[in-house]
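Visitor: Residue numbers (UniProt numbering), protein chains in the order written: chain A, 1 to 352; chain B, 1 to 417.
Don't take every hint at face value.
Distance condition first, Cα-Cα at most 35 Å in a straight line; then the derived DSBU-like pairs of lysine-lysine [stated by the list, open to error]: (1) A:LYS159 x B:LYS298; (2) B:LYS253 x A:LYS162; (3) B:LYS381 x A:LYS159; (4) A:LYS322 x B:LYS233; (5) A:LYS322 x A:LYS162; (6) B:LYS155 x B:LYS253; (7) B:LYS253 x A:LYS326; (8) B:LYS160 x B:LYS276; (9) B:LYS298 x A:LYS304; (10) B:LYS182 x B:LYS217; (11) A:LYS162 x B:LYS361.
Listed next, with one range per pair, are the computed distances between beta-carbon atoms [said to hold, decoys possible]: (12) A:LEU199 x B:GLU296: 41 to 47 Å; (13) B:GLU115 x A:VAL333: 38 to 44 Å; (14) B:MET100 x A:ARG195: 50 to 56 Å; (15) A:ALA292 x B:LYS361: 46 to 52 Å; (16) A:SER130 x B:PRO373: 21 to 27 Å; (17) A:HIS323 x B:LYS212: 32 to 38 Å; (18) A:HIS264 x B:ALA297: 36 to 42 Å; (19) A:GLN287 x B:ARG119: 30 to 36 Å.
Calculated from the structure, these hints are not laboratory results.
What you are looking at is a predicted structure, and each value in this text was computed from that prediction instead of being measured.
Idealized CB from N, CA, C, for every residue including glycine.
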Amino acid sequence: MLKEGAIESRLVAGPLVVTTWPRSFLLPPHSRGKLLRDFNQSTVVVGHGYASFQANRRSLISFSDDVSLLVVLIDTNPFFWSTSSSSLNFHQFVSHVLVFLDLIVRLSQLNQIVVIATGHNTCDYIYDSSLDTDQVTGEGELPALYSFVLQRLEEFVDKDEKLGAKQEGLSEKRASSLLSGSLSMALCYIQRVFRSGPLHPQPRILCLQGSPDGSEQYVSIMNAIFSAQRSMVPIDCCYVGSHNSAFLQQASYITGGVYVKPQHLEGLYQYLATVFAVDLHSRSFLQLPRPAGVDFRASCFCHKTTIDMGYVCSVCLSIFCKHHDKCSTCGLVFGKVQSDAASDRKRKVPES
Amino acid sequence: MNNSEKKRMNGEAEEENEEDVEDEGRDAWERTYTDERSWEALEEDESGLLQPIDNKAIYHSQYRRRLQSLSATSAASRIQKGLIRFLCVVVDLSKAAGEMDFKPSRMAVIAKHVEAFIREFFDQNPLSQIGLVIIKDGVAQSLTELGGSPEAHIKALMVKLGCAGDSSLQNALELVHDTLHKIPSYGHREVLILYSALSTCDPGDIMETIQKCKKAKLRCSVIGLSAEMFVCKHLCQETGGSYMVALDEGHFKELLLEHAPPPPALAEFAIANLIKMGFPQRAAEGSIAICSCHREAKVGEGYICPRCKARVCELPTECRFCGLTLVSSPHLARSYHHLFPIEPFTEVSARQLELSRVASKTCFSCRESLLTPGAACTKCKQYFCLDCDIYIHESLHNCPGCESRRITPAAASATMS
């Protein structure tokens with residue numbers, strides 16, 4: 001399906017070793033002085049090659065601020081990629097992402113990447129840069145990372161397909177991927193990194209998602225978002241689907257990450273490299289895309305329409321647009337003292 | 001001789017106090033011998049040899065015991081929990097709160113941990129409100145009103161509060177009763193008393209007040225800092241709360257944080273009601289309006305009440321002009337994990353892991369190799385390491401194994417039959 005040789009020919013032009021970025025894009029004028037003052041602490045944005053050289057000289061002593069652990073969640077949902085009408089197909093998408101991963105690895109020797117694939121029926125780890133250190137040693141080993149990831153992705157997609165073959169009658173209209181599963185796995189991995197000791201890179205999660213939101217995953221995704229907020233792990237998102245994803249917009253807003261829906265998908269690598277390659281410390285010096293307006297309105301449980309004002313059940317917190325007598329989720333009657341309702345139910349049981 | 005004379009003169013002062021006053025020139029390493037007494041944590045086995053202290057194993061076994069006790073009461077059955085809580089925290093600032101048995105003083109320790117408790121409380125119960133009450137000189141005063149913003153309460157706590165006089169439990173209960181009487185009927189009324197004194201100085205019959213509180217459906221819990229008292233125990237038994245006495249600072253923190261998640265609610269205590277709530281949209285970037293909380297003009301970055309179009313700065317709050325409760329959907333979503341809890345994992349010993357047919361002996365979620373005994377989910381049958389087990393149940397509330405499976409209605413009914 002994905003041929004190794006085909007990757008180089010489809011690469012979108014983009015520098016692999018980024019040493020100078022246009023200064024005006026990066027630095028608002030008033031922060032340049034701060035950059036010079038912080039130079040000794042190796043937080044230089046321009047000239048990453050030099051920064052990593054500085055970092056490596058002292059790498060045995062401490063991690064500098066610009067070392068990151070990036071957990072990438074790739075959406076491999078075949079229902080989305082086969083019906084996607086945009087200019088990006090799955091092969092091109094993976095090639096953009098692979099070059100981006102290579103960029104991250106080259107920015108600093110201490111950077112770590114973990115790739116988790118989000119499928120339609122399962123989720124799994126694809127690549128962990130801290131495991132096989134022979135593979136990515138720097139010069140001349142470019143194809144090794146690519147071929148490894150491509151091979152694992154192929155195996156994953158086959159496994160996903162096999163698991164899906166057992167199920168029939170699935171409507172393809174709004175088939176979503178298992179985002180909550182991969183988010184949960186990513187968070188558990190990050191907790192493991194936190195536990196490993198005081199020296200660890202700064203973790204963040206990057207979601208490359210195209211599938212629409214699955215409403216059945218709302219509660220699990222919100223749980224994952226709140227857990228990420230508590231552990232201070234930002235969730236970034238680059239959404240390549242058609243309409244905006246409300247879940248991921250909320251995720252980025254609540255955890256302090258960045259949400260981007262690229263307008264020109266042929267240049268996806270450019271978006272990835274300029275917005276998401278920067279480590280967390282340096283983000284304070286950049287003007288990153290800000291969300292236009294995150295919609296926090298709720299949708300009512302009866303009609304699934306977004307509402308401005310509604311009624312909330314005080315016991316189970318279900319949202320309704322009109323006043324009801326009985327809550328459809330928890331079955332409690334409103335306005336009545338519950339002991340009466342309970343004793344009614346008890347009296348009914350022996351009769352039936 | 002000198003020591004015993006001192007003890008006779010002020011019998012309440014403790015030995016450590018005298019030593020601190022006498023030898024302030026002691027180094028920190030010397031103070032660890034007098035204050036911390038780390039040798040008390042050592043244990044001996046039967047033959048008299050010292051056993052190494054394995055903190056991790058102790059932590060894991062404590063966690064498992066806690067989970068067992070929780071699952072015994074709830075887990076499978078969906079116990080109704082009081083999600084909209086109105087809690088009054090009563091802090092006893094009588095003379096006994098100045099005691100130094102908790103370093104630096106009971107009052108400082110209480111203030112520090114109540115701040116952490118308030119943050120945790122609003123994190124877990126975003127729709128609830130807290131009010132602070134203090135008891136000083138035999139009189140109870142309200143430090144802050146019932147409100148939903150943590151900053152206001154924490155600011156009030158950080159002020160230097162002196163401690164003096166006697167403590168009066170009845171006055172505190174009367175004040176709390178009056179405060180909580182006014183709240184709407186769907187809210188759960190709770191009181192948490194942090195009591196350091198060993199006596200109570202009351203103007204009337206405290207048993208009557210206790211009955212009054214019981215009739216008003218107030219659930220009173222007490223955390224004692226000195227010793228167990230009958231009147232506190234009676235109060236908690238009558239109203240259905242919990243009474244615990246803290247042994248040291250760490251234990252106190254644990255007991256306090258146990259009150260943060262919503263307690264199981266008795267059905268008669270609160271009437272289920274439909275509460276009208278508004279879900280405001282964010283104001284447009286660059287729009288200028290006078291905000292209703294600070295009474296000054298602000299640009300952008302606020303929310304607009306859907307009923308009266310007033311601007312508010314943060315959520316959740318109550319609109320000052322029309323009284324509508326304003327929340328955003330993440331606030332409601334924060335409480336959903338209480339309604340849909342995940343079941344505790346079963347413990348898996350190393351031998352069972354060997355016998356199982358799992359190919360790679362790694363934790364499903366973090367891919368760390370399973371050396372110590374692990375845990376397995378009952379539904380998806382995946383194996384997890386103990387650290388992931390703790391993280392999943394305490395913070396994440398999602399089982400990664402169950403979330404990584406797609407269950408169609410056909411498959412779900414097949415497994416059930």
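Visitor: Please go over all the hints and tell whether each is borne out by the structure.
Guide: These are the hints, each one checked on the structure:
Restraint check: the Cα-Cα separation between LYS159 (chain A) and LYS298 (chain B) comes to about 55 Å, which exceeds 35 Å; the hinted pair is violated. Distance restraint check for LYS253 (chain B) and LYS162 (chain A): the Cα-Cα separation of roughly 50 Å exceeds the 35 Å cut-off, and the hinted pair is therefore not satisfied. About 19 Å separates the Cα atoms of LYS381 (chain B) and LYS159 (chain A), which keeps this hinted pair within 35 Å; it holds. A distance of roughly 45 Å separates the Cα atoms of LYS322 (chain A) and LYS233 (chain B); the hinted pair therefore is violated under the 35 Å criterion.
With a C-alpha separation of about 45 Å, the suggested pairing of LYS322 (chain A) with LYS162 (chain A) is violated against the 35 Å cut-off. Pair hint LYS155 (chain B) plus LYS253 (chain B) holds up; C-alpha atoms about 20 Å apart against a cutoff of 35 Å. For the hint pairing LYS253 (chain B) with LYS326 (chain A), the CA-to-CA distance comes to about 40 Å; that exceeds 35 Å, so the pair is violated. Of the pairs offered as hints, the one joining LYS160 (chain B) and LYS276 (chain B) is violated, with about 40 Å between alpha carbons and a cut-off of 35 Å exceeded.
Distance restraint check for LYS298 (chain B) and LYS304 (chain A): the Cα-Cα separation of roughly 34 Å lies within the 35 Å cut-off, and the hinted pair is therefore satisfied. For a cut-off of 35 Å, the pair hint linking LYS182 (chain B) to LYS217 (chain B) stands: about 13 Å separates their Cα positions. Under the criterion of a C-alpha separation no larger than 35 Å, the hint pairing LYS162 (chain A) with LYS361 (chain B) is consistent with the structure, at around 23 Å. As the Cβ distance of LEU199 (chain A) to GLU296 (chain B) is approximately 46 Å, the hint placing it in 41 to 47 Å holds.
The hinted window of 38 to 44 Å between GLU115 (chain B) and VAL333 (chain A) holds, with their beta carbons roughly 40 Å apart. Checked against the hint of 50 to 56 Å, the pair MET100 (chain B) and ARG195 (chain A) fails, with Cβ atoms roughly 36 Å apart. Here the CB-CB span from ALA292 (chain A) to LYS361 (chain B) is close to 48 Å, well matched to the stated 46 to 52 Å. The hint said 21 to 27 Å for the Cβ distance between SER130 (chain A) and PRO373 (chain B), and at roughly 25 Å that hint holds.
The given range of 32 to 38 Å is respected by HIS323 (chain A) and LYS212 (chain B), whose C-beta atoms sit roughly 34 Å from each other. The given range of 36 to 42 Å is respected by HIS264 (chain A) and ALA297 (chain B), whose C-beta atoms sit roughly 39 Å from each other. Between GLN287 (chain A) and ARG119 (chain B) the beta carbon distance is about 32 Å. The supplied range of 30 to 36 Å therefore holds.
In terms of the numbered hints stated before, the structure departs from hints 1, 2, 4, 5, 7, 8 and 14, listed from lowest to highest.
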